[in-house]
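**Student:** One line per chain: the protein sequences are A and B, in this order. My numbering numbers the first residue of the first sequence as 5 and each following residue consecutively. My numbering numbers the first residue of the second sequence as 5 and each following residue consecutively.
Honestly, I wouldn't trust all of these hints.
To be verified - To give a feel for the contact side, a few chain A residues facing chain B, derived at Cβ under 10 Å:
(1) N36
(2) S275
(3) L278
(4) I332
As the list claims (entries may be wrong) - Distance condition first, Cα-Cα at most 30 Å in a straight line; then the derived BS3-like pairs of lysine-lysine:
(5) K334/A - K187/B
(6) K371/A - K46/B
(7) K334/A - K158/B
Unchecked claim - Quick list of simulated restraints, FRET-style, between CB atoms:
(8) R393/A - N50/B: 51 to 57 Å
(9) P88/A - S49/B: 51 to 57 Å
(10) G403/A - K94/B: 42 to 48 Å
(11) T37/B - K369/A: 27 to 33 Å
(12) I25/B - D338/A: 46 to 52 Å
(13) K94/B - T401/A: 20 to 26 Å
These aren't lab readings, by the way, just hints derived from the structure by calculation. For clarity, every value in this text was computed on a predicted model and none was experimentally measured. Idealized CB from N, CA, C, for every residue including glycine.
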Amino acid sequence: MSKLVLAYALVMLIQPINAEEFLRVMPELTTNYQPDTSGTEGGIWLIMKDAEEALKNSPSRINDPELDAYLHDLICKLTPEYCPEIRIYVIRRPHFNATMAPNGMMQIWTGLLLRAKNEAQLSAVLGHEIGHYLRRHSIKRFDDAKFKTSLFSFLTVGIAGAVATGHMNLNAGRSVLDISQFSMYASIFAYGRAHESEADKYGIQLLADAGMKTEEAAKLWESLTAEFDAANYKKPKPSLFFSTHPAPKDRIRKLNAYSRILSSRLDKEESLGLKAFQERISVHMKTMLSDEINLRQFGQTQYLFQSLLADGISPGLVNYFLGELHRIRKEEGDFALAKQYYEEAKKYEDHDPELYRSLGIMYLKEKNYTLAHAQFSDYLAQLPEATDREMIEYYMTMGR
Amino acid sequence: MKKIVLLIIVTILGACSTHSIVTDKPQTIKSITVTPTLIWNKVPSNLSIGGVPTWTADGISLNSLSFFSDIKDGKTLIKATKKEQFPIFKADMLPTELVELIESTLAKAYEAKVLSSGNLKPLKLGNDDGFEYTFDFVAGDELPRRGYIAGAVKNEKLHIIFYQAARLHYYDTRVGDVRDIIKTAAIKE
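Please work from the sequences and hints to get the whole structure.
**Tutor:** Written out as structure tokens, the structure is:
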């Protein structure tokens, strides 16, 4: 019996998606939709409105009007008729995530910006989130009594947290981020299989409408899967990514199938949007790479940085941070690798002067005082306003 | 019967975590000795940062002074569970690397994001060569904070005094007092 079930499951898994079966997913919201203020949905919108006001001034928000405008333009490319209703906020959090609240408030985390390799991949996520919004997935999910229970628990934890999490008092209480994460129920990860698949389909059809490369949607998930596979945890840490469904493999298979159908219907070449995307996020690259290093997930981060390098993204900075990764990890052979990456970084205009300090530190620890001194001199020459000048000058007296 | 009631009352009172006043006599926290002024209160360990000895002047959410003492080579600043990958202290770390260690620990434990970091400079902690630095950060509660750290490695062990407070008003109010305390600091041989 179990063999039969398994065979059925396998057949279902490899079942091809026919072009005829690709029926367009239609929005369920009218433009300028406003819920009845006396109902549950109206209540949720009110909570979200307050959370959004606080989010606007959150110190975790990346304050870059040009980036906001760029992202909003992308939304307008994907869904011209609904774009005035969707607001987008970039949040400095080094994990892959995006969330959509039922009132059209979208959050994009910097960990996602770092991992999306081009405009098409980013747009696949934006389109996916738009799909959740226009198909009213969060409200549908809200109707589930079980979910109401967990929502109540969430709020209870939030209130108790202000008192009980004192031992982590830097985190005392739930932040507005978390309350708006409460739009996590609209997160890219938090829906059920049917809603996720529907949002994937919605996203990719918007990609095709906008003339962007649809095959990039599956590529994003493929590289994420590879990155998590490269994690060096003995026991894989349960992550949002893995706790989600549909399983990444199934998701990739479906997205590839949709892509083939949609591409065959296009009569023009699809765009990747590589240059515009890279230009827009390059100003935040150092912060994003630095936040990623601070997670101390070396296996995963190494994979990510090397794939950025392979794609030619900010080579000076990425080489520098690969150097940082090896210098900080301190496993056998890491020092030599770190030096190689620093030297490679020097070849590019966008290299960070801090790499001279890192090299100086490494030479100092090797008691190679002459080379250390030279690197520290270069560091101070390139960054005369360095706030750690006194400490560097102290290092330069060591061994003399 | 009276004894049982008394026992219950004492037990209940004992269960309440309370703050206690730090006197202006020399205070020894493991290997660190400091002499404070009379404005500090000991924070119960279940409320302290990373479970280490912590004091507050105006309330734990507004400011705190924590003592990370006697961190051995190969250990983390904050006790980590097996699943948590907190960065590890190595006895040969230079102050620049110790700053990285601290910032990464705060990022891992409290989702802290450093907004700006600076003024790393040498500092004598008692008779020992150490360092100090200041940084602005925001943790999970989204309150903009400023941190001031003084530390030193002695006998292969790391000792850190960590002051942090709400950037608005509270940091400046007590930082002078903190600097005075640090001037009195000594690390046991």
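**Student:** Taking the hints in turn, state whether each one holds.
**Tutor:** Checked hints:
1. N36: 32 Å, violated
2. S275: 34 Å, violated
3. L278: 28 Å, violated
4. I332: Check passed: Cβ of I332/A comes within 7 Å of chain B, closer than 10 Å.
5. K334/A - K187/B: Between K334/A and K187/B the Cα gap is close to 34 Å, so the pair fails against 30 Å, i.e. violated.
6. K371/A - K46/B: 43 Å, violated
7. K334/A - K158/B: 22 Å, holds
8. R393/A - N50/B: 51 to 57 Å: The hinted range 51 to 57 Å is violated for R393/A and N50/B, with Cβ atoms some 41 Å apart.
9. P88/A - S49/B: 51 to 57 Å: For P88/A and S49/B the Cβ distance comes to about 53 Å; the hint holds.
10. G403/A - K94/B: 42 to 48 Å: Given about 20 Å between the Cβ atoms, the range is violated.
11. T37/B - K369/A: 27 to 33 Å: Once the Cβ atoms are compared, 30 Å apart, the range 27 to 33 Å for K369/A and T37/B holds.
12. I25/B - D338/A: 46 to 52 Å: Holds: the Cβ-Cβ distance is about 48 Å, inside 46 to 52 Å.
13. K94/B - T401/A: 20 to 26 Å: 22 Å, holds
The structure does not agree with the numbered hints 1, 2, 3, 5, 6, 8 and 10 stated previously, though it agrees with the rest.
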